[in-house]
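A.B. asks: Construct the entire structure; sequences and hints are all you get.
Here the sequence shown is numbered in the working numbering, starting from 1202 and rising by one per residue.
I should point out that these hints are in silico values taken from the structure, not numbers from a laboratory. Be careful, since some hints might not be right.
[Said to hold, decoys possible] Calculated cross-link-like contacts (lysine-lysine; reagent style DSSO-like; alpha-carbon spacing at most 30 Å):
| id | residue 1 | residue 2 |
| --- | --- | --- |
| 1 | Lys1513 | Lys1453 |
| 2 | Lys1267 | Lys1203 |
| 3 | Lys1485 | Lys1502 |
| 4 | Lys1493 | Lys1453 |
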Amino acid sequence: MKILITGGAGFIGTNLAERLLAAGHEVWALDNFFSGPRANVERFAGDPRFHAVEHDVTERFDLGEKFDRIYNLACPASPPWYQKDPVKTMRTNVEGSVNVLDFARRCGARVLQASTSEVYGDPLEHPQKESYRGNVTMLGPRACYDEGKRAAETVFMEYHRMHGVDVRIVRIFNTYGPYMSPDDGRVVSNFIIQALKGEPITIYGDGSQTRSFQYVSDLLDGMTAMMESTGFVGPVNIGNPGEFTVREFAQKVIALTGSKSAIEQRPLPTDDPRQRKPDISLAKEKLGWEPKVSLEEGLRKTIAYFASILNKERV
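C.D. replies: In structure tokens form, the structure reads like this:
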């Protein structure tokens, strides 16, 4: 098939492009390179089935091609990145979704929206089911992303109802793996880089808040299964229900890296969720999907990836 990935230079977009190329598809990656590095698309430059397009989804586009599938991944997903320009983050989610859906409508493509567990905010329901409407503030520093993704889901559903666009919606929980940027700013990359450098590992608050971490190959399995599903629009949670406190996670990273890093506490950021764990019953029922990679196995692969990057920087 001919497949377009918006946000194709990002962490997930790069892994997805690699997966789709290996499966024999022709892949176009559209990105403005705000948070996704050019190196991520340049690695595919020798493959004639890969095409990189520099463009911002907040601006209307027409690539002059017909596509079978579109994965809409455009939007920084890390708080330090999406908070750099909160209005731009909102525009990427809302205006970007409109432009992607208009393009999908013109070329008859099926389009998948990469939504997020952040639509649940600081949840009062645990674990979180897709039916839960969330506990999200509209006014805090994370709202540009949380509310932007919630609005994007609305836009997708309205295009589906009004115009018959063939849409799919997945809600992605914390994901990690190769091609994450060392300066990504999220807990996995932060902890691994700090541990490998022997620096203090910084946790926010007392570290009792919980997260559920999934390895990127599991996410790709879930996303592609959802894209190829029939009669099911979603939304559907794609995440690993294994739940760890942030402090436990830091200790696991220290153990797996053999680091002597100490743990250093800092104040908890505003609106940081206290707990996060997906209920994946729907994904099991509708997609026959559940994660396969254990946290230890995934962390070993990710640590090796970051270690290779640091070794190159030292040369």
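A.B. asks: Which numbered conditions among the earlier hints are violated in the structure presented, ordered from lowest to highest?
C.D. replies: No numbers; nothing is violated.
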